[in-house]
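Trainee: We have chain A; now place chain B onto it with these hints.
Protein chains: 2
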Amino acid sequence: MKAQHVLALSGGVGGAKLAAGLAAVLPPEDLTIVVNTGDDFEHLGLTICPDIDSVTYALAGLNDTQRGWGVKDETWQAMGMLKALGEADWFNLGDRDMAMHIARSWRLRAGESLSEVTARLTRELGIVHAIVPMSDTPVRTQVETAEGWLDFQRYFVAEQCRPVATGIRFAGIPGAAPSPAFTEALAREDLCAIVVCPSNPYLSVDPILAVDSVRATLEGRRVPLIAVSPLVGGTALKGPLAKLLGELGQPVSNAAIADHYGDLLDHLVIDNADAADAEGLRGAGLSVTITGTVMCDADDRERLARVALSAARIETG
Amino acid sequence: MKAQHVLALSGGVGGAKLAAGLAAVLPPEDLTIVVNTGDDFEHLGLTICPDIDSVTYALAGLNDTQRGWGVKDETWQAMGMLKALGEADWFNLGDRDMAMHIARSWRLRAGESLSEVTARLTRELGIVHAIVPMSDTPVRTQVETAEGWLDFQRYFVAEQCRPVATGIRFAGIPGAAPSPAFTEALAREDLCAIVVCPSNPYLSVDPILAVDSVRATLEGRRVPLIAVSPLVGGTALKGPLAKLLGELGQPVSNAAIADHYGDLLDHLVIDNADAADAEGLRGAGLSVTITGTVMCDADDRERLARVALSAARIETG
Chain A
1 MKAQHVLALS
11 GGVGGAKLAA
21 GLAAVLPPED
31 LTIVVNTGDD
41 FEHLGLTICP
51 DIDSVTYALA
61 GLNDTQRGWG
71 VKDETWQAMG
81 MLKALGEADW
91 FNLGDRDMAM
101 HIARSWRLRA
111 GESLSEVTAR
121 LTRELGIVHA
131 IVPMSDTPVR
141 TQVETAEGWL
151 DFQRYFVAEQ
161 CRPVATGIRF
171 AGIPGAAPSP
181 AFTEALARED
191 LCAIVVCPSN
201 PYLSVDPILA
211 VDSVRATLEG
221 RRVPLIAVSP
231 LVGGTALKGP
241 LAKLLGELGQ
251 PVSNAAIADH
261 YGDLLDHLVI
271 DNADAADAEG
281 LRGAGLSVTI
291 TGTVMCDADD
301 RERLARVALS
311 AARIETG
Chain B
1 MKAQHVLALS
11 GGVGGAKLAA
21 GLAAVLPPED
31 LTIVVNTGDD
41 FEHLGLTICP
51 DIDSVTYALA
61 GLNDTQRGWG
71 VKDETWQAMG
81 MLKALGEADW
91 FNLGDRDMAM
101 HIARSWRLRA
111 GESLSEVTAR
121 LTRELGIVHA
131 IVPMSDTPVR
141 TQVETAEGWL
151 DFQRYFVAEQ
161 CRPVATGIRF
171 AGIPGAAPSP
181 AFTEALARED
191 LCAIVVCPSN
201 PYLSVDPILA
211 VDSVRATLEG
221 RRVPLIAVSP
231 LVGGTALKGP
241 LAKLLGELGQ
251 PVSNAAIADH
261 YGDLLDHLVI
271 DNADAADAEG
281 LRGAGLSVTI
291 TGTVMCDADD
301 RERLARVALS
311 AARIETG
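Protein chains in written order, with UniProt numbering: chain A, 1 to 317; chain B, 1 to 317.
Derived by calculation from the structure, the hints in this document are not laboratory data. Please note: incorrect hints may appear among the correct ones.
[To be verified] With a straight-line Cα cutoff of 20 Å, these simulated PhoX-like cross-link-like pairs (lysine-lysine) come out: (1) LYS238/B - LYS72/B; (2) LYS72/A - LYS83/B; (3) LYS238/B - LYS83/A.
Extracted from the complex, chain A is given alone in its bound form (with noise of 0.2 Å):
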């Protein structure tokens, strides 16, 4: 079977790791990555966009897997130099992911789009796939609180997630259309696979599918739809947004995943420690893999990508 394209759709650092699978398993024409926008934000006058750098640093090899975020082998001159001028030290930014932001920022402020921005920086880093942005019109994500609404990165970084959220929105929607090569992935006829990356469902994967037209449009496939569970033994494996979900009502179990896209997922891949969730979510109607979803080298994640495109019977390689 041959002209296949896969829509990837990302968050940051775990859909990162599957995205960088795809890649190293889909040559280039066969693939599109939109990675979600929602946690972008303006910081010392940087236009940081956390998600599209971890796919971005993933692919290029140049991500931490130590630390997990970030770029590997890095340094914090600038951030110390920072703090000593007075300036806001809690969102951490290396050297080398400065350099980021920099060529980033002022790309947008000359007047070229995320796309086009994106575009250049992956392609001067030797990324040959398709990494794009969910929206070139700022969209963020911002969590209710009792003091207010807070931006997703103030909430997520400088208050550790400590206030109860009662709610969650994205500022920017309606009025954020898809980019153009996320309109043209969705719109392409040799389209044959949706994969939705192991990413927060609420706050990585739901921002793409607030997109204006974006959710009409998936409501309307014609190729299936495979999640990859971010769950593992029934929780995430990072931290701290179970409690968020939590306050929000939003259970966080595979079922509820699950009921959470509803009509929009044909599959769900799970993993063998979650094995006990397959009856009940097959008893709903829905196709299930259940396999190791834990990526900790690239073989992780080519077998994975793997096993989700075997799951839209694409062949790979």
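Mentor: Relative to the frame of chain A, chain B by itself:
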């Protein structure tokens, strides 16, 4: 003698050394250091003020004395990444230096004046003396070449002064008022001396003199103006500017410097190596001090500061 205020006019590296010497021998309330901003430029979306930073790093003890510019113990990780991202690398920015530009740029964009930003950042670095931009309105030194008018850093750093120069101008003048603290220092009742630091008269001091009303105010001064010559042994300590001045028909000599400043100058401090110049200068009616002007360490800087101040009969502790 008390209630004595000194106004120092400074360019970058050489001037910054004497500025640091003046700060070492005068209490903060007795010194205002006004710095050339004609070398400032916008690069990668950042506002870079090389002379303000040279003076700042010198007073904070952060300057790299070996390399002669920038921050000591500097690293270059962000610059390497910017290069990998395909961005311009002709102007080398260290990681800690980059932090200065990031902090300044975002504060300027947030609406602070260059005076306010400079006061904030120098204070945060523990500097108790006033480092003041010559103007809060952008002034940009440009050099005329066969390719047209080049921004100074483009000419000086990117082109390494290779094109033949046929003119110098200061874009933004007229129209750039002195900064509030510069205006205030010029008007002080207790002003007792103006010290022109050993910076290039044509490129570092002339922009300051060209700021609206400054030359006229200095012509009406009631206090001595003492310049420390930037020449040692008949040439500039730091390089290729002699070429520029030759092309512009400006001789590089103490007589030419005295002639250039004209009636503004009351006293010239020249280097021992140029002692032979003294007779001619004195014959032209100028007061002259001959001393060692090469500043290799803090002792040199303080000693030269005392020599310059004693020419104005200012006692230092």
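Trainee: Look at each hint and say if it fits the structure.
Mentor: Structure-based check of all given hints:
1. LYS238/B - LYS72/B: 19 Å, holds
2. LYS72/A - LYS83/B: Cα-Cα ~17 Å, so holds.
3. LYS238/B - LYS83/A: 33 Å, violated
Hint check: a violation occurs at hint 3 only; the rest are consistent with the structure.
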